[in-house]
Each structure stands twice: as structure tokens, then as C-alpha cells.
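K.L.:
From first to last, the protein sequence lines are chains A, B, C, D and E.
Heads up: the first sequence runs through residues 15 to 369, numbered per our numbering.
Heads up: the second sequence runs through residues 15 to 369, numbered per our numbering.
Heads up: the third sequence runs through residues 15 to 369, numbered per our numbering.
Heads up: the fourth sequence runs through residues 15 to 369, numbered per our numbering.
Heads up: the fifth sequence runs through residues 15 to 369, numbered per our numbering.
Since the hints were derived computationally from the structure, they do not count as laboratory data.
Ideal Cβ positions, reconstructed from N, Cα and C, are used throughout, including at glycine.
Just so you know, not all the hints are guaranteed correct.
Claimed, not checked - In silico lysine-lysine, DSS-like type, Cα no more than 25 angstroms apart, as pairs: (1) C/K367 / D/K225; (2) E/K225 / E/K210; (3) B/K368 / B/K311; (4) D/K365 / C/K311; (5) A/K94 / A/K117; (6) D/K368 / E/K311.
To be verified - For each label pair, taking beta carbons as the anchor points, the in silico distance ranges come out as: (7) E/T357 / C/Y336: 26 to 34 angstroms; (8) D/T206 / E/V219: 39 to 47 angstroms; (9) B/M170 / C/K45: 37 to 45 angstroms; (10) E/S32 / D/T206: 18 to 26 angstroms; (11) E/A61 / A/T41: 49 to 57 angstroms; (12) E/R75 / A/I268: 52 to 60 angstroms; (13) D/R161 / E/V219: 58 to 66 angstroms; (14) B/W369 / C/D138: 48 to 56 angstroms; (15) A/G257 / D/C134: 48 to 56 angstroms; (16) A/T206 / E/T357: 44 to 52 angstroms; (17) E/R248 / D/T60: 35 to 43 angstroms.
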Amino acid sequence: MVKLIKKRSRKAGLPPGSLIHIGEKKTEEVKIAIIEYDEAHFHEQTARSVEECFPFKDKNRSTVAWINIDGIHEGEILGKLGEGFGLHPLIVEDIMNTDQRPKCEDFDAYYYVVLKMLHCNGKDGEIISEQVSLILGSNFVISFQERAGDVFRGIMDRVRTNKGRIRKMGADYLAYCLLDAIVDNYFIIMETLGEKIELLEDELVSNPTPKVLRTIYHLKRNMILLRRSVWPLREVIGGLERGGSLLMRESTRIYLRDIYDHTIHIIDTLETFREMIAGMLEIYLSSISNRVNAVIKVLTMIATIFMPLTFIAGIYGMNFKYLPELEWRWGYPMVLLIMACVTATMVYFFKKKKW
Amino acid sequence: MVKLIKKRSRKAGLPPGSLIHIGEKKTEEVKIAIIEYDEAHFHEQTARSVEECFPFKDKNRSTVAWINIDGIHEGEILGKLGEGFGLHPLIVEDIMNTDQRPKCEDFDAYYYVVLKMLHCNGKDGEIISEQVSLILGSNFVISFQERAGDVFRGIMDRVRTNKGRIRKMGADYLAYCLLDAIVDNYFIIMETLGEKIELLEDELVSNPTPKVLRTIYHLKRNMILLRRSVWPLREVIGGLERGGSLLMRESTRIYLRDIYDHTIHIIDTLETFREMIAGMLEIYLSSISNRVNAVIKVLTMIATIFMPLTFIAGIYGMNFKYLPELEWRWGYPMVLLIMACVTATMVYFFKKKKW
Amino acid sequence: MVKLIKKRSRKAGLPPGSLIHIGEKKTEEVKIAIIEYDEAHFHEQTARSVEECFPFKDKNRSTVAWINIDGIHEGEILGKLGEGFGLHPLIVEDIMNTDQRPKCEDFDAYYYVVLKMLHCNGKDGEIISEQVSLILGSNFVISFQERAGDVFRGIMDRVRTNKGRIRKMGADYLAYCLLDAIVDNYFIIMETLGEKIELLEDELVSNPTPKVLRTIYHLKRNMILLRRSVWPLREVIGGLERGGSLLMRESTRIYLRDIYDHTIHIIDTLETFREMIAGMLEIYLSSISNRVNAVIKVLTMIATIFMPLTFIAGIYGMNFKYLPELEWRWGYPMVLLIMACVTATMVYFFKKKKW
Amino acid sequence: MVKLIKKRSRKAGLPPGSLIHIGEKKTEEVKIAIIEYDEAHFHEQTARSVEECFPFKDKNRSTVAWINIDGIHEGEILGKLGEGFGLHPLIVEDIMNTDQRPKCEDFDAYYYVVLKMLHCNGKDGEIISEQVSLILGSNFVISFQERAGDVFRGIMDRVRTNKGRIRKMGADYLAYCLLDAIVDNYFIIMETLGEKIELLEDELVSNPTPKVLRTIYHLKRNMILLRRSVWPLREVIGGLERGGSLLMRESTRIYLRDIYDHTIHIIDTLETFREMIAGMLEIYLSSISNRVNAVIKVLTMIATIFMPLTFIAGIYGMNFKYLPELEWRWGYPMVLLIMACVTATMVYFFKKKKW
Amino acid sequence: MVKLIKKRSRKAGLPPGSLIHIGEKKTEEVKIAIIEYDEAHFHEQTARSVEECFPFKDKNRSTVAWINIDGIHEGEILGKLGEGFGLHPLIVEDIMNTDQRPKCEDFDAYYYVVLKMLHCNGKDGEIISEQVSLILGSNFVISFQERAGDVFRGIMDRVRTNKGRIRKMGADYLAYCLLDAIVDNYFIIMETLGEKIELLEDELVSNPTPKVLRTIYHLKRNMILLRRSVWPLREVIGGLERGGSLLMRESTRIYLRDIYDHTIHIIDTLETFREMIAGMLEIYLSSISNRVNAVIKVLTMIATIFMPLTFIAGIYGMNFKYLPELEWRWGYPMVLLIMACVTATMVYFFKKKKW
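With these hints in hand, go ahead and build the complete structure from the sequences.
P.N.:
Okay, structure coming up:
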């Protein structure tokens, strides 16, 4: 199951701005890819050192630069980058700290956005969360991912092939596209969860086993953890849309409002799912009680029918010398008849009570 | 049962503004009906091509035009229409995307409203949700439905026969009438649900079977899904009423306030229903526990009465050589007497405990 | 039980402003009573036609007029009245529609208030809800009741006998008095409910039967329906008090604040009751579980004691040729002794476990 | 148990300002004590008539007067007092009406505060609520209590002996001291409740009997009723602190902020208790289910072991002529061996299942 | 277990500003440590009397002074200190009163902050809460701890060794560092709780014993008590960040925003934990019901199989003279066959019902 918490304690006691990577240890190399484009030009390169990125900070360049960094576990590289682009030390600390709550912060010269990207693990449908940070400058965007992934590949292709309006717009539109790609992924998670819930509903009605209970708990747990990624998203996107930053042009804002609507939609869906799962748990508990009732009815019926019969048989199994019925010619058939009557009475009684 | 989610993932990764229809595949032709009227004139036509609609965009026409489009699955037609009326690409995308959260957006030149129209399926009382979009311009209204329906027929008749004040008023009043027709339909849904709940209440008291549990769950599920359509309605209508748009005249606002009151009323009713169903579930669980208790009491009574009796019979069924009671003349009647006493004691005990 | 919903669907599809009465059909005649007074004069009459009311609309009259209308099922009469007093068609529609949510609306020339009057049915304590509408003009008040009742009789007497300050004050004070009478009735409902809850509490502790469960459910249901009348009351009275309407004089506002405090008090009480009933349901469920436990303990004790005994008796009831104990002289007493030991052990075991 | 509601209905239908005492009937005489002081002087007297209080209303007196009235059931006395001090009739009505929600009202000439004083009954720990009203004028404070009590004795002593800063400050500081004394009493209630909860927690773990359930319900009920006194307190004190009244000097406001913090603290504690009790109820229910489970396991073990044994014994108790085992020399020991094997198997099975 | 409440009642009735220590009695001596530093200098001393601290109040000193006081149970020492630094008597009272709700108060000359420091007791993981107060002046910080601890040691070392930027900044940065150290400790608590919850989850699935229930209750209780420390933290830090006090420089505010984000993160985590524990309790209850069901099934199966068999054996154990089957040559084998058939039927029936 997904871990509840990350080892943040490693940082306790250190001075603020200490660059410590939180999360699983990693040894892969950090990859820095740079894409520079405007409507007419396009240039793509892989940077061998951080310093290759610094020229793109220049405000007078007419092109848009997208610097994508895969891997945030190397404090030295990020520290250098932060210095080169004039980022506040706390921001660089936040980029490395993967136990970050989604938020956006507006420094006049740049915008810092951090959120969670969610994948569905192909094999067991486990939800995997990865932290993505964006730095939006006047004509550059820096994106930080925990590991190389293909969520941004579609956007890269659109830039390469000049599809849609992306090459005609500025860095803010690029940032919007990255956010849009991340939020679109949430819909896929929601669909997967929705399908699981619908499957569970059918099982709940037809066969409420302990396995169903386990699945409900598992879904509920995922929902709780999802909320922590999804709810702050609204503030983040809403802050970007309404915030008065000059980095975000008016024409891009309407697109942000669109993502904002999407996040509201996702939150709505999540809350709907949560309510449904809460409802399913109640139904489950009621179903189990129903089952206990049904089982106990069977037991009671059996006991109610056979206990008197066994008792009657027991009576005539007694060895009293003077037990006149035993001598009767029709004693045995008569006892059988009495037993049949008792049984019939009981069955009639249960029928009447609609058991 | 109603599907929880629609396949929105089809859209993930596409650039914004891509015209993709979400929902069940459809093959029916898109129908475009145009009604043009003022107090004196009335003209009705079926458009063969989208282009026939464009003249009605002209602000200087003194008449009101209502363009009703049945079918939103043809990206090409809607794309052309959007261009002709100068709609933002994201709006056209939203019209086609049937997994839309109700909302309204104010572009200066036009107002965009999207909401859910709810029907009750005649056969099994299943609630069917359909997306309706409205574009309100200065002297035209475009309405988009997923499929041809008869919710707007009453309004069409009122326009045709010049009943009420509709022909005397502008496009904003027409938009109000359409919204009013949609919201009125919600009351019918509420009544149907209310009747189901009242039926269930009677059954809950007289005969709480697992079927009742299933119905409760079904109702609860419907409630949860209804909320998603109903709650945003308040914001939508409230936004229309209070929003400072010039498209909405002052004289129409008082009518919007009336619909606003209706939506509050619907939300109130829905929440009342939700609470009642939550209460019914608790009562159901308690009832089942009561039943388990009753069944177990029967079992215990039977066992408590017959176990000692069987034991006594068992004693005198033993084959000991020296078992003096067996030889007694009145042994058998005495044992029967003892058994009767034991039974009477037990019955008295249960009576006293009020079982 | 009280009906959950009223047949509002009858109105669906009709143009706004259609005068349709919702609720039970009625055939009684509509009664119109007119009281005109100032500090010195008092005049009372029963109007035979609506037109007799119209003169009182005149702003220059120095007297206060109170027009009380019992019966709101005659669209024609109300329509004429509305025209005569210049009421908006939607207001007249709302007066007739008895499925109205309490609200107040400020038209400059008059104030419209609609709320629910609650009675407790004498026989079975069922709560009955009736809709009351008030129109407050500069020097007249029109009150609409569903049927003739005696809630306003006290006020009528105070006007007649010139008791208190009512004859010295204007129409706004009269409206306040009417509202006060309605809100005071809510306290009676609350007391009745409070007494029922206290009775139930005693039974809950001494004897939790299924009947108790039914009563809890019934109370809970009433609570839920009451909320719908009570909560909006706060907005209504608060709106009257704070609203800047000139119809409400400053000296009357302090009295309105008093009713406002009363509504807060009623809401507080209602919420307290709701919490108590929720708590009682939980206690009930726990009590039943306790009972199941107690019953099962009895069963287990009986079975645990008698099953081994019956088994021992069964052993010596076997017919083996070579079963030496059967031949023993003290076999029978020894077996009885063993049985006594087993029983004692079991009883000791249950004592120790504190069953 | 504490009564849920007071008989307010007695007042329904009376004109506003009617002086009716609500609550238990009382016959004790109303006591009026007057204390007049400034830094240098101190004078204490018992008034024989209401009129003796009137001189202290004079704004030009340099001393502070504290008029304490024990007993609020005499409409005549309070009516006269109200007239003498120029109180609004509704305020005098509120002072007498002991079913008042805590509130404060600012008339320019005086401040009216009403709240609940809580005691813990020494014998059975029942919480007793009493209504206290304060009138704060420019240089006098009038306090109204339902009956003579000793909550204000400490303050009286501090005034008499000139302890602390009370004699140096004005009437507003005196009012603060009275409020502080009342709020301090709430802490004692909280401690008593906290101790009860801690006791209950221990019992819940060691021995969850139905008595525990009853105590939980009793505590929960007290909590619900306490809330009604405590929550409005925050508004009252907050209103006093922030309200711009000139009667409350700036130097006293900081003390009010201190009481405000205390009320927040009390509310926090109350909510914590509520949550704990809610949690205890859930734990209780789970514990009972655990117990049912344990009891049923015992029953099942006994039945599972002895039913097969009894059956085997039953077989060889049959009287068939040709039942060869009965003739065998080792038949009886073999059957005993088989029985031992069956028992061992069952015990092993239960061990493995960890019953 | 942690005590719910502290004996605050000791203070009831005393005049405001009385210096009474609440909490466990203490006899240790109060330790006062003074650190004075600027970028170039550093001086550390232990004060023997309170008076040694007073010089650092001087606003014109260019250095920053940090006065750390371990032990707040000596009213005399704190009283003197308060006078020396011109603290309001209520503030000194609050410092001593360890049952304080976290809050911050802005007196123009100094800032008062009080919060809870949480430790995890090494042995049994019990959470221990300690009250820390801070006084922030223009160039000094006074910190009060209940007992000597090592939470601030790291900061002391950073000041001593001039690590990070602490020596370059003012008193406000020092206050920030102290707050940061306290808040960082909360993360450790959260991790410990998170690990306990994850452990519990595994046990919940594999083996839901009453011990699990006890642990759930224990965790829930801790959560409830934690909330009381954590939630007000947000207001405190938010108040410091946004408050317009001149004592807090602009450059320090960005660091405060960082702590603010941390507190939000901690609150989020706490709420997540609360929800998970609530979910676990529901799952636990369902699991127990499942178990009851499983146990009862075993019982029912055993009873259903053996009761009919025992009955059949009982029939042929009867001693009737004329019981023809007993004489049959194949009677015994036939009866055994019938018994086998009955058993097979029952087993088949259970298989079909999927028991």
C-alpha cells in the first residue's frame, strides 16, 4: 500500500534552506533538457551542465525556453540552478522536499508552483504520486520531475510539430499546458476509481464477502490520500488565475479558468466517490447483519424442529419398568404421528412468521 | 444503474479546444430548428446547413431568434457554428463535452450557460441526465440538447400561439423560460423520489427485508448523483441574476430570482431526502439487530426448555443395573411431572423477563 | 404521517405567473375581514367583494388597515386583489403556491413575507403546517391564511380593546405582532417535542422495544421537516430587521430584533433536539446489542451445562454387552456425582467470567 | 435529569413586554443589596424598596454603585426598577424570562448582558443552570440572579477589603469581574466532566457494562445542554470586547480579551469532550460486538465438541437386534477412543483457528 | 494515558493577574541563560538573579539578546521579570498558567506567543506536551520552557558557531528559528503516529483482536488532544506573518510563511490520520460482524448435521415392544445409510449456499 508519510524528520533541526532530498534514495543521473522556440524557430538540446541553462534567464530574448529537469535528488545541481536563476533558498529547498503540499507562490520575478502528478500503476492499479514543480519566468519555464516520465511528451510533440497555438504563445501558455497535462491525468485516475467502485457495487449486492470489505477499505484509504493532492489544487489554480501577476497574460487566464473548472469537477467527483464508499460501508455492515440473521434463522429452525423430536424419542428410550405406552400395539406409529404433528406445527409457525 | 463517470480520458493529451464528443456514440443527424419572432411576427424553419443561422447574429435585427440544436456529437457542425457566432473555442469544446459541471460564463458579447436536464425513465423510474447548453446573445438564444426531447415544446407553443408575455419580451426572457422549463422538471424528479421514500418508509416499519436495503442504497446513490447536478445550479442561476451583464434586463431579473428560489427549494428538498435516507439506514440496521435478537430469543427459549428435559430423559435411558427409580411403580409419572415442573419454571422465567 | 412533498408538478410547463393552487383541494368560501383603526377609532367589517379592500391602499389615509384573508385557493379573487394593490404577478402566484420556502421580498411599495405556521394536532400530536403570507404596505397589512384559524385572534382582541401599544403604532408594528404570534406558536411545538423526547428517554433506559425505535424514527422525521420551516425563518426575520426598507420604522426594529432572538433560540432548541435524537438512536443500537449479548449468554450457559450432561447420560445408555460400569453397584450414584461436578465446574467458570 | 425545556408557552399570545416569570414558581422575597464605592470610600446597604436604588443612576456621582438583586420572579419590582433606570420594556421582560439565550445588547445609555451561571450539584454531580443578567451604566452595575448564591461573594470581599485594583477602576471593570467570576465557574464544570470521562475510559476498557452505556448517554446529554450555554458566550464576550460602546473603557478591554480567550478555551474543551464521548460510544459498540463474538465462540466450541459425541453415543444406544459392534469385546473402549479422537480433532481445529 | 485537563480550578475566584502555577508541582530551580550576539560578537552567561536580564531591554543596544528561562513555577521570579520588561500582568499570568490555548498577542512594545511543544516519550511512545512562551522585543527574545530540554540546543549551536544566517539577522529571525524548531518537532510526532497507524492497518486485516480496538481508541484519543495544540497554531503563525507589527521585518516574513505552510501540512496530515482512524473503526466493527457470522455458520452447520442424526439414533433407541425395524436383518446398516444420506444432503446444501 502507499506509504502514509515520508521521512521528513531527517530535516528537523537543520537551518532553513538546507537542501536535503526527502523520499526514496536515488542514484540515477539528473537529466536537463532545454527546448527553445518561437513561432518560427525550434531548438532542442540536452544540457551537460547547469550553467548551460543560465542564458535563457535573459529577459530580452524573444524566444520561450522550457527547461525540463528529471531528478531532484542532487542538492548541488539544484542549488547552482537556484543561484543562477535567482530563486529564493526556501524555494529550492521546497523543490527537493517531495513531501510538499501543493501551493503556488508569487515572487515578482517568477512564479513557483508545486503539485502532485498521479499515475495509476499498470499492474495492481496502485496510485503513485510524484511531485512536479514549475518555475515560470517572463520567458522561460523550468519544470522539475522526480523521475523521467512521459506526461509532458505530448506537449513536447506539439511544440516540435507546431500543432495548436502553443508556438504562437508565451511562456505562460506553456506553463498552462503543463498544468493541463497534469490535471488531465487526474481524470484518468478518477475513471479507474469509478470503475472499481462500480465493480464493487455489483459484488456488494450479489456476494458481500470479507474481501469486499478489504477492497472498500483500500479504496477509502486511496480516497483520503487523494484528497490531500486534489483539494489544494483548487487554491493553486485559482491563485494563478485570479492572482494579479504580470507573468500571466490576460489571454491565458481564460485557459486557466478552464483548468480551474476541471479541478472543481475532479473535487466534485472525488467527494461523490467518498460519499458512495461511505454508503457502501454502511450497506456492507447492514448486509452482514442480514446474513447473521439469516444464518441464525436456519439454526433456530433446525433446533426448534429437532429438539422436541429428540426429546420425545428420549422419553420412550427410558428404561422404566412400568411405562405403559411401550407395551401398546400402536405405540410406535402413534409416536411417529405425534412427531409429524410437532414438525408440521413448527413449520407452519415459521411459514406464518415468514422466516 | 446510472453510470458514475463518462469516458473523459479520451481527451487527455489533446490540445485545449479539441472538439471531441464524450458520452455514448451517436449516429442520428443533428437537427437545427430556427424560430424568429417579435410581438407581431412569427417564423419557424428547419435549417439545412449551419450557415442559415448566421444572419440572426446581427444585432440590428429587431426580432428575437431561437436556434434549437438537437444533437451535439458532430464536431464539424458545432465548430462552424462557433466560428459563425464568434464563440470561444473552449466554449464549443464544453458544449460537446457532456461530462460538464453546470456553470455559466459571461463573455461580453454572449452568455454561456450549461446545465443538466433530468428525466425520469418511465419504465423503471431510473433518472436520466442530459446536458443542455444555452448561448444568450443580445437578440438570439441558441440551445443545445443531446437528443430531441419535448421539454421545450411548451415554450415553443407559447411562442407560436402568443400566449403569456413571451412574444413581448426579449431574448433574455426566452432564456429565462428555457431555464424555468428545465428547473420545473427537477420538481417532478423530486416528487418521484419523495413518493419512493414514502413507500419505503411503510415497508421499513412493516417488513425490513434485504430488498428494502437494496432500495435504500439505490435511492442514496441517486441522491448523491443528483447533488452533482443540483448544487451547482444555485451558483449558475445566482450568477445570472446578480451578474451585471447588460444582456439580462432588469425586468427579467425578478423572474430569475423566482427560479433562484426554486433551486434553493429543490436543494432543500434534496438535503431533506438525504437526511431521511440516512435516518432510514440507521433504522434499518437497528431493525435487523432487533430481529436477530428476536430470533435468538426463540432459539434460547427452545433450547432452555428442551435441553433439561432431554437430559432427564437421558438419565432414565441409562442401562445401569442398579438404577432404583426404574423399578418404582410411579417412576414414569413422576418423571413426567418433574419435566412439567421444569418446563413451567422456564416459561415463568421467560414471562418475568418479558421475552 | 405528514406528507413529504406537495404536488407541485401540476404547475410544470405553465407560463410564470399562472395562478394554480397547490395542496389539498378546497371548497370553502374565501373570507375577507377588514379592520381599520387608529388610536381613537376602530372599525371592523367583512368584505363581500375584493373591491371593498381597494380604498385602503390609499397612502394618505391616516388609519391603519388590516385585511385578513382566510383561504387562498381561489385564483380569481387573489388575481383581482393583486391587481388592485399593484402586486407583482409572481407574488400572487407565490401566495397561492403552498409549497413555498419561507422568504421575504422587498418591493419598494410593499414588503412580501411568507412563512409556515405550525400547529400541533390535538389528537395524535401530529404537526400540521400551514402557509401564511403577509403584504405590508405603508398603512395596510394583508394577511393570507390557508384556512380560518385562531392564531391571530389575540391580536384582533388587542386591537379591539386597545390593549398594549398596538393602536398607537403603525402598520409595521401590526405586521410585527402577526409575526410574533406565529413565532410564539413555534415554542409550543418545541415544548411538545421536548416532552416527547423526555418520555422516550425514560423508556430508552428502562425498556428499549421496537416501538421505541419507531417513535425515534417518527421524531427524527418531524425534526427534519421542521428544519425546513425553521431555518429560513432566521433569514426572513433577519432580512426584515436589517433591510433598509422605509416601511419598517426604527422603533419597530427593536421588536423585530426580539423575534430574531426568538428564532435563534428555536433553531438552537431544534438542533439540540436533533442531536439528542441522534444520540438516542446510537444508544438504542448499543442497547439492542447488549440484549443480544445477554440472550446469547443464557443460551450458552444452558448449552454448556446440559450438553456434557446429556453426553454422559448417552454413554451409559449404550447397549454394549461389555460395559463394566453398568454392572457396578455404585455406578448410578457415581455418574450422578460426576454430573454434579461438571455442573459445578461450569457454574464456577461462568461466575468467574462474571456472566 | 435536567429538564430539556422551560414552560415558555405560558407567554404565547401576550403582548410584547409582558412581565411573566418563566421557570419554577418561587415565593422567596426579592433581596436588593447596594454597594457604593470609590478608591477612598465604601458603603454597603440593603434596600427596602426599589426606589432607594434610583439615586445611583445619576451620571454625575463620582462613585461606582453595584446593585445586586437576588430573585427575578416579582414582575412588579422589576417593572418599577426598569422604569426608574429607563430600561426598555423588552429588556425587563428578558430579565424575567429565564429561558433566555445568552446575548448582549447595546443601548447607548446602558449595556444589557444575559448569560447562564453553571453550578455542579454537590450530591449527584448534576449540572444546574441559573440565569444572570447584568445592566452596565456609566457608573453603576445592576446584577440579577435567580436566587441568592455565593459566586459574587469573592468580588464583594475584594471591594470591601480594597484588594487588587477593583476600587481604583470604574463600573466597567466591576462588570468584567462579575463576568470573570461566572466564566471561571465553567472551568470547574469542565474539570468535573473531564474527571468523569477519565473514570469512564478506564471502565470502558476493563468492563463495558450497560451501566457504562447509561453513563455515556448521560454525559452526552449534559454536553449537548452545556453547548447551548457555552457557545453563545463567545459572541457575548466578543461583542463586549469589540463593540464600540463608550461604557467600556480601553483599559478594561484587554481584560475582556482575557475572558474571551477563556471562553474559547472552554469551547475547545467542550468540543474535545464531545468528540471523546462520541469515540467512546463507538468503542462501546465494538466492545459489545466483541463480547457477543466471544460468547458465541464458547457456545460453538461446546456444541461442536459434544454434538458428535452425543450422536455416537446415540448410535450405540439403538436397540437393533443385529448391531454387531455391541457384541464385540472391545466395543466400548473403542467407542471411547473414537470419542477422544473426535474431541482432539475439534480442539486442534479451534487451536489452529486461534479461537 | 495523558491527562485530559489540568487543575485550573485552583485559580477560580482569585483576582485577575494572580500568579499561580497550574500543572504538576515542581521543586527544581529556575534556570536563566542569556546569550548576546551580533555578527561579530557572542557572549553566553547564566544569570544568578532576574535583575541581570534587565539591561538587555535597552532599545539602543546593537546586539540581539536571547534569554531562555527553564521553569515557570516560581511566581516571584516571573513577576519581577514581568515588571522589569514592562509586561502586562495578564501576560505573566498566562506564562505561568500551563493550561493555555496557543495564541499570540501584539502589544506594541513586544509580541507574546504561547504554544505547545510536543515530545514523544521514548519508552511507550506517549505524547508529552509542554508549554513554551516567547516574548519578542525589538532586540531581545525571552523564551520560557516548563523544564530544561534540548529542542533549542541546535539553534544555540548555530548561534555559537555562526552557522547559517542567524548571526546576521535580528531578534525576529531568532524568534522564527525557535518557532521553526518547535514546529519541526511536530513532524516527528506525525511520523510516529503514521507508523503506528500503518502497523495497525496490517493487524486490522490479518487479525482484528480486542487489542487492536484498544490501540485504535488510544490513537483516536491522542489525535483529539493533538488537534487542540495543532489547530490554533495556524492562527498563531498566520497572525505573526500577516500582522502589521513593526517588530517583524519584511525579510523574516517569508520565513514565517514557510512555517505557516508547515502548520497547514501538519493539520492536513492530522486530519488525514483522523479520517483513517475513523475508517479503521468502521472496518473493525464490520470485521467483528463478519467473524460473528463465520462463527455462527460453524455452529449452524454442526447443529444442522448432527441434530437430525441424533434424532434418528434416538428413534431406534426407543424401547417400544412393537418396533418392527429393530428386528430387521439390515436395519442397522440401513439406518447408517440413511444417516449418510442426510449428512450428504446437508453438506450439499451448505456448499450450494457457499457457506
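K.L.:
Each hint needs a verdict: does it hold in this structure or not?
P.N.:
Okay, the hints, checked on the actual structure:
1. Restraint check: the Cα-Cα separation between C/K367 and D/K225 comes to about 18 angstroms, which is no more than 25 angstroms; the hinted pair holds.
2. For the given pair, E/K225 sits about 14 angstroms from E/K210 by alpha-carbon distance, which is consistent with the 25 angstroms threshold.
3. Proposed proximity of B/K368 and B/K311 is supported: the alpha carbons are some 11 angstroms apart, at most 25 angstroms.
4. Using a Cα cut-off of 25 angstroms, the hinted pair D/K365 and C/K311 holds, with the two alpha carbons roughly 22 angstroms apart.
5. Between A/K94 and A/K117, the direct Cα distance comes to roughly 23 angstroms. Compliance with the 25 angstroms bound is thereby established for this hinted pair.
6. This hinted pair checks out: D/K368 and E/K311 have alpha carbons roughly 17 angstroms apart, not beyond 25 angstroms.
7. Look at E/T357 against C/Y336: about 29 angstroms separates their beta carbons, and that is inside 26 to 34 angstroms.
8. Roughly 41 angstroms separates the CB atoms of D/T206 and E/V219, a value that falls within the hinted 39 to 47 angstroms.
9. In this structure the supplied range 37 to 45 angstroms holds for B/M170 paired with C/K45, their Cβ-Cβ distance being about 42 angstroms.
10. Range check, E/S32 to D/T206: Cβ separation about 22 angstroms, and the 18 to 26 angstroms hint holds.
11. One distance hint, 49 to 57 angstroms for the beta-carbon pair E/A61 and A/T41, holds here, with the actual separation near 52 angstroms.
12. A hinted range of 52 to 60 angstroms for the beta carbons of E/R75 and A/I268 is consistent with their spacing of about 56 angstroms.
13. For the pair D/R161 and E/V219, the beta carbons lie near 59 angstroms from each other, so the given range of 58 to 66 angstroms is met.
14. Hint check: B/W369 to C/D138, Cβ distance near 30 angstroms, so the stated range 48 to 56 angstroms is violated.
15. Distance hint for A/G257 and D/C134: a CB-CB separation of about 54 angstroms, consistent with the stated range 48 to 56 angstroms.
16. The hinted range of 44 to 52 angstroms is satisfied by A/T206 and E/T357, whose Cβ atoms lie roughly 47 angstroms apart.
17. The supplied range of 35 to 43 angstroms is broken by E/R248 and D/T60, whose beta-carbon atoms lie about 52 angstroms from each other.
Of the hints listed earlier, those the structure fails to meet are numbers 14 and 17, in rising order.
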